[in-house]
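Asker: Throw the hints in and build the complete structure from the sequences for me.
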Amino acid sequence: MLSRSIPCLWITFCLHLCCFVDGGDAQNAKEVILLDSKAQQTELEWISYPPNGWEEISGLDENYTPIRTYQVCQVMEPNQNNWLRTNWIEKGDAQRIFVELKFTLRDCNSLPGVVGTCKETFNLYYQETDSEVGRSLRENQYVKIDTIAADESFTQGDLGERKMKLNTELRIIGPLSRRGFYLAFQDVGACIALVSVKVYYKKCWSIIENLATFPDTVTGSEFSSLVEVEGMCVSDAEEEADNSPKMHCSAEGEWLVPIGKCICRAGFHQKGDASCGRGFYKSSSQDLQCSRCPAHSFNDREGSWRCDCEDGYYRALSDPPSVACTRPPSAPQNLVYNINQTTVSLEWSPPADTGGRNDVTYRVICRRCSWEPEECVPCGPNVGFSPAQSGLVDTYVTIVDLLAHANYTFEVEAVNGVSDLSRTQRLFAAVSIATGQAAPSQVSEVIKEKVQQRSVQLSWQEPQQPNGVITEYEIKYYEKDQSQKDRIYSTVRSKSTSATVNNLKPSTAYVFQIRAFTEAGYGTYGPRVEITTKEENTDITLSSWLMLSLVQFFTCLIKLVSFSHFHHLKSCLHHKADQEGDEELYFQCTKTYIDPETYEDPNRAVHQFAKELDASCIKIERVIGAGEFGEVCSGRLKLPGKRDVSVAIKTLKVGYTEKQRRDFLCEASIMGQFDHPNVVHLEGVVTRGKPVMIVIEYMENGSLDAFLRKHDGQFTVIQLVGMLRGIAAGMRYLSDMGYVHRDLAARNILVNSNLVCKVSDFGLSRVIDDDPEAVYTTTGGKIPVRWTAPEAIQYRKFTSASDVWSYGIVMWEVMSYGERPYWDMSNQDVIKAIEEGYRLPAPMDCPPGLHQLMLDCWQKDRAERPKFDQIVGILDKMIRNPNTLKTPVGTCTRPISPLLDQSTPDFTAFRSVGEWLEAIKMERYRDNFTAAGYSSLESVARMSIEDVMRLGITLVGHQKKIMSSIQTTRAQMLHLHGTGVQV
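Numbering (mature numbering (1 follows the signal peptide of the UniProt record, and there is no 0)), first residue to last: -26 to -1, 1 to 957.
Check the hints yourself; a few may be wrong.
What the hints assert, rightly or not - Lysine to aspartate or glutamate pairs mimicking EDC-like chemistry, simulated, CA-CA at most 16 Å apart:
#, residue 1, residue 2
1, K4, D190
2, K479, E504
3, K934, D921
4, K220, E202
Unchecked claim - Here are the in silico distance ranges between beta carbons for each label pair:
#, residue 1, residue 2, range
5, Q688, D394, 18 to 24 Å
6, E504, D819, 57 to 63 Å
7, Y499, A680, 14 to 20 Å
8, K479, S418, 24 to 30 Å
9, N855, I598, 35 to 41 Å
10, I598, Y499, 31 to 37 Å
11, T95, E30, 18 to 24 Å
12, T95, K4, 49 to 55 Å
13, E504, R683, 49 to 55 Å
14, K806, Y499, 54 to 60 Å
I should point out that these hints are in silico values taken from the structure, not numbers from a laboratory.
Fair warning: this is a prediction, and the values are worked out from it, not measured in the lab.
All C-beta atoms, glycine included, are put in the ideal place defined by N, C-alpha and C.
Answerer: See below:
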């Protein structure tokens, strides 16, 4: 017994008296302690098995604080197996447990009389359970953690020095899945004192980061795991859009990898987490700082997201809080009117005060008043407003279809985005008007009195509202089976309420419409009446047919004489046809152009040839140009029952004279007679409102000259020939109609999105070009000199042949990509040069065949020029067989003038580059050529376009003119022999 007790007493003595050298025991703030034996000063009461193995004793730490320890030193006896088990430890949320052991261990060599059974290690175990299992201890239920060895052991000499080194070992358990666990220590024959056992786990303590709170979070089960934690925004903060706050808790209990953040709500700012003060606001969480209330607004509370408007000021629903409060505008100013029978035009000036807004529009209130004061009623849906009754952007409106001889009051109010929010009295400008004479209403009841094979007798009732004395009726009719495109209208007039329509076809369905005429003008056509003529008598003899044909022939002659009263003229053609074995003779009338100037009243010509459109069907979208008479706009046309189409709209500016109105609408009277895919199509006109408008099809690519300049060099020759073919086809149609254009030029050709070219701009009553040199003034008016034939300039003889001359210039414009004809020559120089036989040279890369056709168009004798029909045929041949472009194929029967008689004369006639430049009127560049070392024509002949540009010649027209001359000079030199020139 004595051999066992001596070591134990010696260890106990050390524990009480010796100072331990230890690295400290401060608690880490990231740790959650589950067990700390050093902190317990009462008995631990752990389970020891066998009972005489591990022994609990009291001791003092380095600070002389009492501590409870366990020791064992059964080294004198072999086969030791001493177990010590802690009490049950509840782990909470932890999955990864840290066990820190502090112990001392005696060196076996320092123990006298100890045999080989002495050990210097012990074993550490654990057992997981969901609850306490009592005081029994079964070795097979424990899982070994590790064998613990001392870094330093002590000897008897250490005891004398009164100090021993504590050993500290740290082990990790996990991942754990049960509610708790036990720790067990196995001694197999060592002399050891277990000074302290500390069991803990790590967690990330709650923090506030990026205005978000992150709660206490236990670390993950693995050493390298990161636990993602969702943050919760602090008070008066909200998550940033699509960027919620997150952080990650590391295995060491540190917060890492912040993602997203919270931001202050509207009305609060992050500086000091304070709310916006009085007089300030923050409308969005995206704003960093509070802003001062905008004009005419205030707030008297903290944390506001917007400011309230002052009395009399408002903010529209669509206005952001940062916009100043505004008020309704004042009344429009200077309201004036113009009355024309039952049509009233109103114009006014903008209000003096817009209320601080730029969304001012106008609305018109119409009331019809009795002769008694203050007895007015709304005008009703039958009254039309052009362009609209409300939402007006412009300061004018036209009101149509008013009752004749009636009193009306019109109120014009300026409104903006806050007008409907205001409770103040409306401000408006008003005017009272009495209408005059109106056009008659529709003829609604039409009766078929008698229907024959070739005639129909009709009668009708006078309109319910004649609005004056009806002087005549007009009966319009056409064949029902004709398509809209090929439909031919005919008219008959009658002084009474009946009429007989003759010269109809047997067994044919016709559609008739009737309208009345008074001093106020024509009323609208009544409803359509369909009538089918009787079948033809098959016993009519051939002589009857001949007689009928003669009647038709003379009818056509009569129409030819009185053409100014009819929509279409018909030139009679004699035909034969076989119908059921019998020969039938008949005459067919073809469409011919009618000059609107032949009408006594040009306004009637407009309504005869152009369709009147309702202004409400037209939506103007943007301004795309300006002309002499007003703006040119693009927009949409939506007719009832049809899909909307893109259109161009020419408008007549306010304040026009009657002559300007007639001149403006004259173009519509001309265009309305044409129907061809290469002639711009007229959709209709608006003459019964303001502004007066001409509506034509929209050509997306604009004028041909500007389009070509924009796309210089981007088309193939065949594509350019295709454009020229379309223009020639349109001119052939106009020529066949008997129409002479007089101003054919690339600027007057429009191009659509499919590169289809269409002839436009009919009439010379406008500004032809911004350059005053573009026209040559004569006593008869202005002429576009560069595009006009010599006989038209000198004698004002405009014919289809003079249009052919102009077409040749258009060809040159197309092949030169919109180059200015004759470059910078003056009009007088152009007239003189043409008279002397000068003709434009071929543009760069222009095929000889096309230039030959241009020269044919520029024959001085107009009889020698080709017809448009011939031009179309030549271009068709070139398109089908591009090889013909290389071979000149003219239409003239005699030789034409030389190609270059002034601009590129024979170079052998000149002794220097300077003389050559003077001959082509480019002598201004003499110094440029000399400085660059071009001293001979041979060196000039080798030049490229890049060489010309390097000389400092920047004008494109001059570049092309010089290169054209160089190319011709080069061709002349290639035909020379013995000169030694290498080109």
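Asker: Could you run down the list of hints and mark each one as holding or not?
Answerer: Hint check:
1. K4 x D190: It holds: about 10 Å lies between the C-alpha atoms, which stays within 16 Å.
2. K479 x E504: 14 Å, holds
3. K934 x D921: 12 Å, holds
4. K220 x E202: 7 Å, holds
5. Q688 x D394: 18 to 24 Å: 53 Å, violated
6. E504 x D819: 57 to 63 Å: 60 Å, holds
7. Y499 x A680: 14 to 20 Å: Given range 14 to 20 Å: violated, Cβ gap about 41 Å.
8. K479 x S418: 24 to 30 Å: 27 Å, holds
9. N855 x I598: 35 to 41 Å: Holds, since N855 and I598 (Cβ atoms, about 40 Å apart) stay within the stated range.
10. I598 x Y499: 31 to 37 Å: Since I598 and Y499 have Cβ atoms about 34 Å apart, the given range 31 to 37 Å holds.
11. T95 x E30: 18 to 24 Å: 21 Å, holds
12. T95 x K4: 49 to 55 Å: The hint (49 to 55 Å, Cβ to Cβ) is violated, given that T95 and K4 are roughly 31 Å apart.
13. E504 x R683: 49 to 55 Å: 53 Å, holds
14. K806 x Y499: 54 to 60 Å: With a Cβ separation near 57 Å, K806 and Y499 satisfy 54 to 60 Å, so the hint holds.
Against the hints set out earlier in the document, violations occur for numbers 5, 7 and 12.
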